[in-house]
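**Q** Okay, here's what each chain looks like letter by letter:
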Amino acid sequence: MKTVKIDSRGMHYTPLNQKIRAAVADGAEEIILDNVLGQRFIGDGLRGNVRIIVNGVPGGDLGMFMSGPTCIVHGNAEHAPGNTMDKGMLVIHGSAGDAVAHSMRGGKVFIKNNIGYRGGIHMKQYEVEARPILVVGGTAHSFLGEYMAGGLVLVLGIGKDKAMTDRGIGSGIHGGEIIIRGEVDDFLLGGGAKKFKFTESDLERIAPIIKSFCEQFGYDAAEFLDTNYTKIGPVSSRPFASKYVWE
Amino acid sequence: MTLGSVPPKFKVSIDRDQCMDCGRCIENCSYGVYRREGDKILIESRKCTGCLRCVAMCPRDAITLTEKPVDYRSHPLWSREVREDIIKQARSGKIILSGMGNASDLPVVYDHLLLDACQVTNPSIDPLREPMELRTYIGKKPSKLKFRKTESGDVELETKIAPNLKLNTPIMIGHMSFGAISLNSQLSMAKAVTELGTYMGTGEGGLHEALYPYQDHMIVQVASGRFGVNIDYLERGAAIEIKIGQGAKPGIGGHLPGEKVSEEVSKARMIPIGSDAISPAPHHDIYSIEDLVQLIRSLKEATEWKKPVFVKIAAVHNVAPIAAGIARSSADAVVIDGFRGGTGAAPKVFRDNVGIPIEIAIASVDQKLREQGVRNEISIIASGGIRSSADLAKSIALGADAVNIGTAALVALGCRVCGNCYRNLCPWGIATQRPELVSRLDPERGAVQVSNLIQGWTDELSELMGAAGINSIESLRGNRDRLRGYMLDEKMLNILDVLPAGA
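Sequence lines, in order, name chains A and B.
Residues 1 to 247 (this note's numbering) make up the first sequence, in order.
Residues 1 to 503 (this note's numbering) make up the second sequence, in order.
Same shape as in the complex, but just chain A (with noise of 0.2 Å):
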């Protein structure tokens, strides 16, 4: 395996970005970051199916726009990791901040604690290719999956009494699924939003994702190969449908 290593001590965003491109360009399999402290849109737009490890703390909107690459984050994340992301994996060891996986469009992201508000916001679906998977191993604050328009977002709760405990859930939700770990009170319910049935044939469904999840983390998945989740989706896919009158 090709490896290029950066420091990237002091190092502004833009020619770190450059040097990870470069790095890509010239074949690079993985590309390995330390020292990484804030810098902002790691691997932005990126492409390719290289893995890149991240030493650090990175800033705002890694993965922002990224179409391939899988990247490994050895610490918290700032907001918006896998903003638009188009395709590719973002594991973050650690926990991350608002707008997590803003209108992302396809991919995975992991991350192993908490994250802040507005997780999954306006995530959606085009056929079964690009469906954008979000899991939390622990908590997210409000208004999680807000305008979710399509993909899954999976909070699991570990170490916590209650997966969720934080309000607007799915609020203006019209498309994908969001499912949490254990019972979640009607109260923190969206408008928009409605609790389901979590069927053995929904486990079905998303065990691959959480023996993913679990692998990555070093967890072990039988703890959670059961049905106590609640699915929560739309109401309906045309929210807004019976909201006008003609002129």
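Just so you know, these hints were derived from the structure itself, not from any lab.
All residues carry an ideal CB built from backbone N, CA and C; glycine is no exception.
Heads up, a few of these hints could be off.
Claimed, not checked - The calculated label-pair distances, taken between Cβ atoms and stated as ranges, are:
hint, chain 1, residue 1, chain 2, residue 2, range
1, A, 159, B, 274, 36 to 46 Å
2, B, 150, A, 10, 26 to 36 Å
3, B, 142, A, 162, 52 to 62 Å
Please arrange chain B on chain A, whose structure you already have, making use of the hints.
**A** Same frame as chain A, now just chain B:
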């Protein structure tokens, strides 16, 4: 129903002596006004939107269309429209949806601004024999240039010039998405702008494959819904526009009803067929001017700083300070959309009541940026109700670098401004995705019409400039001395920074 029905807005009639019973009116009306019963064509005036397709297509000029055939008891306050809106809402309890631009009867500031012409001194210029410089560069300009001497003694430019768009005429076509309008409409405009050396916007609907040949003349849009946005899309555009607001509906998001999300639209937007395409009111990664800067930079970073990034805002009360913030961000141009800007669909209460006229917004933004010494660093693009080359010239004299046209380009394609764009039934094949209606618009012919319009306005602009003794668009930009206000109050003149006529 206790409320009963309201009188029809239009009265349609056929001159039976002229009519040859060919049925073209039936074929052409997608709203179902005409139908055949036995050997007679019957008319249901109530369904008419005033799109005039039937009148245009009748081979015998047999159709007459009259507006407001029955009126209510006259009243200055409780107009027909006010009463009918109340009846509609009493019946439905819903938001009234509307299309096109502001339809309220407010004075148009452009009509109260008059351009100048030379007489004896400083003679006028004849554009037929003198070159007129209309080329416009849109993008960031350096505040000053730095040079350095090489070892060989040559002088080299040290300042790095940001990428700019080169326009042969200061007229662009604004963002109207595939979804809101048909592919044939977009193709017509894309061909026209490519031929003329100017640009058009894709709107927030992604980019259909058929438009790839024209991508160098298209500005891609990143709106809050991020429809169709991926790295390929961003790289294809000549520039990128972040849409924060729109003149027809400031402060609210966009909404393309599922009826218009056809298979092709779903592909371009990357969403399922028939689902609503909802762009929320804010971008959920922008909660401050710093966040806006972050989005601008993320777009530049993704495209390796090769493309200018514009920010479009609606003309609202506080537009000048907002634009000043944008001027200090990494944006290359600010696009201001006035309250007469069109739309495929907006709540009527927004369309007709929210925002301010573009004329006032351009002047106040230009003035604010000049006061702050940053006007030359960013371009101003004005849009929202530009109806003629005179509006264009006045916009530039008030401080715009260029204008975006929307409704005018649609009218060049055949649109009769009937305002029913949101129903997916546009009989002119413009604001519809129905294949049988879309095919009514020939993109080759449409391109010629749009191109003719822009060419005609460009020539008129040259003539207006020549008459004012100006041979370069740079000299017209922000040149308030070439404008006078007529029947405008003192405060308005101050805001516009224009002297009254006669002064």
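**Q** Checking against the hints above, which ones are violated?
**A** none
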